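K.L.:
Single-letter residue listing:
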Amino acid sequence: MYAEGVPFSAFGMATSIWTRHHILSLADFTPLEYDTVLQTASSFREVLSRRTKKVPTLQGQVVANLFFESSTRTRSSFELAAKRLSADTLNFTPGTSSLSKGETILDTAKTYLAMGTDMMVIRHREAGVPQAIANEMDRLGVRVGVLNAGDGQHEHPSQALLDLFTICTLLDPAYPRLDLLKDKKIAIVGDILHSRVARSNIWSLTASGAEVHLAGPPTLLPQLFANFVKEKKDKGFKIKNKSDESDSAFILSPLSFQRKLFLHWSLAPALKDADFVMTLRLQKERMTSHLLPSLREYHQQFGITRDRLKLCKPEVKVLHPGPVNRGVEISSDLMDDPQFSLISQQVTSGVAVRMALLYLMGSGKN
Amino acid sequence: MYAEGVPFSAFGMATSIWTRHHILSLADFTPLEYDTVLQTASSFREVLSRRTKKVPTLQGQVVANLFFESSTRTRSSFELAAKRLSADTLNFTPGTSSLSKGETILDTAKTYLAMGTDMMVIRHREAGVPQAIANEMDRLGVRVGVLNAGDGQHEHPSQALLDLFTICTLLDPAYPRLDLLKDKKIAIVGDILHSRVARSNIWSLTASGAEVHLAGPPTLLPQLFANFVKEKKDKGFKIKNKSDESDSAFILSPLSFQRKLFLHWSLAPALKDADFVMTLRLQKERMTSHLLPSLREYHQQFGITRDRLKLCKPEVKVLHPGPVNRGVEISSDLMDDPQFSLISQQVTSGVAVRMALLYLMGSGKN
Amino acid sequence: MYAEGVPFSAFGMATSIWTRHHILSLADFTPLEYDTVLQTASSFREVLSRRTKKVPTLQGQVVANLFFESSTRTRSSFELAAKRLSADTLNFTPGTSSLSKGETILDTAKTYLAMGTDMMVIRHREAGVPQAIANEMDRLGVRVGVLNAGDGQHEHPSQALLDLFTICTLLDPAYPRLDLLKDKKIAIVGDILHSRVARSNIWSLTASGAEVHLAGPPTLLPQLFANFVKEKKDKGFKIKNKSDESDSAFILSPLSFQRKLFLHWSLAPALKDADFVMTLRLQKERMTSHLLPSLREYHQQFGITRDRLKLCKPEVKVLHPGPVNRGVEISSDLMDDPQFSLISQQVTSGVAVRMALLYLMGSGKN
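Residue numbers (numbering that gives the first Met the number 0), protein chains in the order written: chain P, 0 to 365; chain Z, 0 to 365; chain L, 0 to 365.
No wet-lab data here; the hints were simulated from the structure.
If you're wondering where the values come from, they're calculated on a predicted model, not measured in any experiment.
For glycine and all other residues, C-beta sits at the position ideal for the given N, C-alpha and C.
Take the hints with a grain of salt, since some may be wrong.
What the hints assert, rightly or not - Residues on chain Z that point at chain P, a partial pick, calculated with CB under 8 Å:
hint, residue
1, Arg72
2, Val323
3, Ser343
4, Val350
With the rest of the complex left out, here is chain P:
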């Protein structure tokens, strides 16, 4: 009934070292944790290539998807990941919720806890909600894992991990691992200030030793960069400024690897010799608040096209967290070009990575 020969033994090492109950942010992820996620996801990716794409790992357990902010794509991906681990799923959506009846978010989470939920996947438009729920679970002394599926402009760790998995799997399908990115150049392009995807990606990619180059509308970027550098300094990181055509920072982290982060005022220096270009979804509501130019202007300045990719390495690949506004962040033909686009692989990676995360979070329970 299940996929045959699932290499559960391969997971043994992974789970024996995994200690994290909640996955809320990548800020303090260690290289070992990244590698554990990558290797566990790799095993599940192999399962998904079979006809029967299901394992009994979480049979009898309940995964509650509490999406206070609605989402089809991410919720479906988590739901499918849970079902393929044989978990039962419960979906909470705000439209039919008790929230309109005055219940607090923590009370909603505690209701699902009391029903017998084993893991909660939380999305909310306010930063910090998954953390608050995780804190409450810990305070109550229950072994319920909380996974941040996107909170405001803060973080979206599973998206960054699937991006990482997509890239590393391309570089070495048999053994995806963090150090494959060492000294690669990765451009992140778009409205970085408002992007929870970007914030999570900055953590994972700089942790790998890659050079991360940010480029986006200049009205927004400096604030981000200043915040980021300040935040690092506050946490005892050492900052070394390098003077060139862009702002940049080499950050020596206590985890003993350099985080290399550059900020560019225009697209070209970010793309130059890049190995990967990560585009961000443009939130249209930003434009109504006059923080961004028109869609047309945006595409002219920051849209990724075949022409612009000529600045990059020849084998450059383009990513996007989806859903894509065709012709805005990426030209339509480029999006569909398998030579450059990893967008479809990202979606596929998403299910494997989310299976890995649910599996690892659940593995500590006994």
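Model the placement of chains Z and L on the given structure of chain P, informed by the hints.
P.N.:
For chains Z and L alone, kept in the frame of chain P given last:
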């Protein structure tokens, strides 16, 4: 794959005496039926404490949740109960329904019947809808069970049964049964007239031999009490009035136990020496119709606080059907205090009791 | 755990001859294909009569219901069919979708493909969307089946196939097959021009050798008939007109059977000696555009009543795809009369036929 050693034999007696296809109202529930539900739920509660919280009881059967009035909490609880019995579930919600296309409610139910539904869980804002659907199923000669998950201001039997189970399990975890409540004093506080939860609770709690004391805004209560007493008289019950500071009625029912029901014009006499305080959800829409005071006034007059609980027995416990308006029906600190609050236990009980109800309704089929 | 003794061997022949990956239209269905669907559905209908109505056929596969146009009835039917084949299901509904975020329909479909969907069931208010998605799947070289669950005013093949199965099963429960309809007279009544159900039914019923008689509001019918005849001529069919009180066409198809289609300006000649009367759902929105008379007028002219059925054969049966506007397309008492109404059987057939379609679409994969 399933919980080991499920004591199915323990259910044998329960199912052999269970004859009810539909669970629509507690008005005519017998003590034996209450005890059967309590003991069956107790067995399932034990299953839910295991790692694999699933039994194959309803494998291949279909439970349709027809929630014409939307609800997250109750629907999720029924959905989880059905899934843990291994049933397949179908969810009907009015937003995406044929009702907007002119189909009648009975036709909707018959459509789900024709698809192969084995049990229907119905919520509707009009009283009597589940009964009407049950009548139609009987008229058609089909063995499909109908469960009332809340109809207008009429009844909400599964909520009252989970309240009962929560209380009885507290009093004797090993053997929850109706007669544990004999001579206990239970206060029900709030907008009783409009509450389907209160109506069902009055049936179950008075059936147990407990003294049930109602307290709520005086503009609403007399009508309820008059109706209730009249309804009893019409059905051949004998009423004995007892004169004290409150209205009250001792009702001798044909089922040979006294139903002791008291009505109070203020909170204090209801709380005095109470063993349990059941608070009701305040429907905010009542306030717009000027039947209730402001939230602040309501809390001052009928909100349950630590201070007010000093009137009760020292080991008093507080219940609420949820979702709670914190600081309105109950003070926020009291709600979170495990010494007094049974709210979280009620939610957990809900899944076990609903598993029991679906199990018992389905047990007659063969 | 599953229904015992499922005659999978009985499906052997069926699947060995089935070559269609997508089910988009009945325009080119062959008699052999109709018979394969009927016989496969018949086997599943037998499974559904058992207590455990589930088979492991599609275990580990994913069926995505992409209902861009919302529907409770059809979506539930497909969802239940998929679950009874043990598939996992994903539901996409436009309310919570990325479409509001600017994603194209093809991109949505490709996202579900990349997640690992094996079959897609598509409903959309524009004709041609399922075909476009199927074309894209083929272009990408993936073996994902696409099923049209209703596209605009174009087709609704699974509804026509369940209608066919309902009729054929009535005529020979043990061996439903297309040629049972040879020379039967079938009336299709209502707003045929706008009905995707009628368009699919015209294909299947004329393919069977039945005489198909259309009757509906005269403002709408001629256009349909003219279009239909022209379309046939364009595809090389030969048209023979027969002059009587109605317009009519005998169409000699390349598939070497005559398609007999008649058009009537009033109800009576269509009903005269009919074996089956298929009524169509009246789309109320048509009336606001002044294409149809009032509901009352419509019922007077085209509503089916017991009285009007006296024109038909004594054993006539009435069908309706649902949901029914009681007292509009059909009188309320007739709808509930098991002597005449097949409406409930249609719903039951729907699950069996949809199981058959998903099974056949999936059978080619390995």
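K.L.:
Now tell me if each hint is right for this structure.
P.N.:
These are the hints, each one checked on the structure:
For Z/Arg72, the interface hint holds, the least distance from its beta-carbon to any beta-carbon of chain P being 6 Å, beneath 8 Å. Taking 8 Å as the C-beta contact cut-off toward chain P, the hint placing Z/Val323 at the interface holds, the least distance being around 6 Å. With its C-beta approaching chain P no nearer than about 5 Å, Z/Ser343 sits inside the 8 Å limit, and its interface hint holds. Proximity of Z/Val350 to chain P holds as hinted, the smallest CB-CB distance being about 5 Å (cut-off 8 Å).
Checked against the numbered hints listed earlier, the structure breaks none of them; every hint is satisfied.
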